[in-house]
Every structure is written in C-alpha cells, then in structure tokens.
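Student: Protein chains in written order, with my numbering: chain A, 174 to 370; chain V, 174 to 370.
Hint data in this document are derived by calculation from the structure and do not stem from the laboratory.
Do not take every clue at face value.
The list cannot tell twin chains apart, which means a pair is met if one copy fits it or any two copies do.
Keeping only pairs whose Cα atoms sit at most 25 Å apart, straight-line, the calculated SDA-like set for lysine to any residue is [what the hints assert, rightly or not]:
#, residue 1, residue 2
1, Lys198, Arg243
2, Lys260, His185
3, Lys260, Glu285
4, Lys198, Glu255
5, Lys260, Asp213
6, Lys198, Asp325
7, Lys198, Leu335
8, Lys198, Glu313
9, Lys198, Asn182
10, Lys260, Pro212
11, Lys260, Glu277
12, Lys260, Ala336
13, Lys198, Gly280
14, Lys198, Ala284
15, Lys260, Val249
16, Lys198, Leu324
17, Lys260, Leu318
A quick note: this is a predicted structure, and the numbers were derived from the prediction, not measured.
Number of protein chains: 2
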Amino acid sequence: MTTHNTTPNNHHLLEHTLAHVELFKGNFLHAFRDTVRLPDGSNATREFVVHPGAVMIVAMRDDGRLVVERQYRHPVQQVMLEFPAGKLDAGEASWACAQRELLEETGYRAAEWAYAGVLHPVISYSTEFIDIWFARGLTEGACQLDDGEFLDVLDASVNELLAWARDGQLTDAKTLTGLLWVQNHLSGAWPLTWQRV
Amino acid sequence: MTTHNTTPNNHHLLEHTLAHVELFKGNFLHAFRDTVRLPDGSNATREFVVHPGAVMIVAMRDDGRLVVERQYRHPVQQVMLEFPAGKLDAGEASWACAQRELLEETGYRAAEWAYAGVLHPVISYSTEFIDIWFARGLTEGACQLDDGEFLDVLDASVNELLAWARDGQLTDAKTLTGLLWVQNHLSGAWPLTWQRV
C-alpha cells in the first residue's frame, strides 16, 4: 500500500506519448488519437477530446440561497439543475471568465470572489478542467444570454440542493462537486480566501 | 423564480432532434452531430460522444478506510486518485458490472452492496452516466487487471480523502461526487439500502 502525496514514485504508472493525430474537428468537438508507450513497454492508443477548460460559479446570495440554472442538455435528454458555468474564451483568465459567465447567464454581479479549486469532469477522454469559484456580495440585473441559449435562473437553499442530490434530481457531477465544497466551506472545514473585484 | 421539482413546465427549454449524423467512430470515441430545433424555433447543432455508461464503487473496509486507485490518465497528463470505476459491457446490469470492476481492478469482493444514485460527468458533450454503488463486507484477493491497465490500489481514511480534495490533490469529479455521498451517508443524512450478494 502506498499513500497519495505530492511526490510519489509514478514511474510504474506513466505513459509516454509517441504520436498525436487529429481524429476530427467539428463545430464543437475536437478529438485526437495518441499512441502511447505503456509502463511495460507495449503501445496503446488513447482517444480524447481537447477542451479549452471552463469555470463554475457557486454564487451565494445575502440570504444564503445559491444561484442555480435549469437547462436542457441534449446528450442526456434532460433538463439539468446546475451551478452557472461556461468555457474559457481564448486567452481569457479564469476569474474574468467566471465574472463574465455569471453576468451573462444569470444577470448577477458579485463584489467578492474566492477561488476554491479545480475539478476534472472526464479524465478518461477529455482534457477538460473546471475552475471552481465562489462569489458573494451579489447584485441582480438582466441576463445576457448567447443566441440559442435557453435556461431558467433560480435560487435554492443548500438544504434543498442536498435533498435533490440525495433523491436523484441533481446529478450533474460539477454541481455535486460544488455542493461538496459548499458543505465543507459552510462547516468551516474548507476556508476560502476572498478577493474584492 | 421557479422551483426544481419532478414535474416542472419545461416547454420553454426543450430541444427537438431533427437529424442525427455519425461524426466518427474510433476505437473508443463514438461521436455524433445532431441538429435540434430550439425553443424559439431556430436550429442548432449539438456534437457529443455516445458512451455505454459506467459504474463507480465506494468500497468501505471494516476499519472504515475506503479503497481508492492511483492511475495515470493521459488526457489530463496526471496520475489521478479515484474510486474504482469502469464501463458497462454490452447488456451488463449495473450491479454485476460494479462487482466485476471492483474485483478486476482491486481484488476485493464485497458481501453487501447499496445503490446510491447516478451522476452525469459531462452533460454538455457526452451521454455518459455513472451509477454510484457502495460496497462493504470486503474480502481481499488478487487484482485481475485488463491488458494495458496499470494502477495502484490503496486505502485511505475519509478524512484523508477530504483533505486531499480540499488541497487540490483529488480533482476527479466522479470521486468528489462519491465523497459527497460518503460524507452525507456517514452523517446519517443520506441512508442507503443494503443488499447481500
């Protein structure tokens, strides 16, 4: 048994890239097939999507309720309950993206922000990462949705969100990861460092 | 403001599929581009990966420690800390898959199992779902890894896993979602119904 720490010996696990071939480039999906050398010296292929990265915002209103969205997601054929999120534009800093996405999708601006951490939604076939931001000191305005974007903005208490997660009404992994952060932040176990805009 | 419940009015959010075209079929990735009619009557395209679905296992040893894996994940170029997980074989039931994957990847068999719920890792571009299973009454044996699969099996306390999540050493969204379940199950808030094999 080993422990997980910042400097483990990973030589017996690492893969080395031998070739990198574009599989296809669509309007949204951009996929590659890499050939890798495995730890035992044999070769394998790895197919995956290249993604620019994204942000998610846990926006806390003064009354303690959190800002969430309901949005139809075609791949899973369901209206999903989610924390606001969106992809990084080329060259855009994570915090700037978080402010932009919160404003565009929900109409809220926040006076204070805290970076919580990063999550990887799909490590087996995408490079995507999602930076998790907390926001507070909210002021409400009008949404500025992109063309073709349709969503409801609502607010919910932490206990409502936890009950929906328990009961299978909230199944989006980034939002569930956000809830883990919320629960541990509110208990005092996971402190945040706030910055004013 | 609306509330999220099981029978909301979703007509203003729904998309209707007009065309379904295969983009490409690789060794692993199978991608489609759908044309959809948006709620305002205009059209848009949705590109996504079709995935067979998967399971994740939160395996609890008698000493309270959880079974985790360290595995190199090529798309994110990192050794990741994860709960055991794996894809459903064609026609395979979720519980059978959970038992098979736990045994193959870690060597553990479990006497009791509980279905917790489902998570969707990447709702914007994959059909993937991951069923979350808890397992207890473990007996340890030898792993039966697939060819080309290299991973470390270890065990960690819940507090260690939570500290690694807080500190950015554990960033896999399915595993973080599993930790949300663990934390709320152990507090008594999210009970489970156990079944014997």
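Student: All hints, please: hold or fail.
Tutor: Each hint, compared with the structure:
1. Lys198 with Arg243: Neither. Shortest intra-copy (29 Å) and inter-copy (31 Å) distances fail the 25 Å Cα cut-off.
2. Lys260 with His185: Cα proximity of lysine 260 and histidine 185: across copies only (24 Å, versus 34 Å in one copy).
3. Lys260 with Glu285: within (21 Å within a copy, 41 Å between copies)
4. Lys198 with Glu255: Neither: 28 Å inside a copy, 30 Å across copies.
5. Lys260 with Asp213: between (37 Å within a copy, 24 Å between copies)
6. Lys198 with Asp325: Answer is neither; intra-copy 31 Å and inter-copy 35 Å both fail.
7. Lys198 with Leu335: Result: close neither inside a copy nor across copies, 38 Å intra and 38 Å inter.
8. Lys198 with Glu313: neither (38 Å within a copy, 45 Å between copies)
9. Lys198 with Asn182: Neither, since 36 Å and 36 Å both go past 25 Å.
10. Lys260 with Pro212: between (34 Å within a copy, 23 Å between copies)
11. Lys260 with Glu277: within (12 Å within a copy, 36 Å between copies)
12. Lys260 with Ala336: Result: close neither inside a copy nor across copies, 28 Å intra and 28 Å inter.
13. Lys198 with Gly280: Result: close neither inside a copy nor across copies, 33 Å intra and 40 Å inter.
14. Lys198 with Ala284: Neither, since 39 Å and 47 Å both go past 25 Å.
15. Lys260 with Val249: both (19 Å within a copy, 17 Å between copies)
16. Lys198 with Leu324: This pair counts as neither: shortest intra-copy Cα distance 27 Å, inter-copy 32 Å.
17. Lys260 with Leu318: Cα proximity of lysine 260 and leucine 318: one copy only (14 Å, versus 36 Å across).
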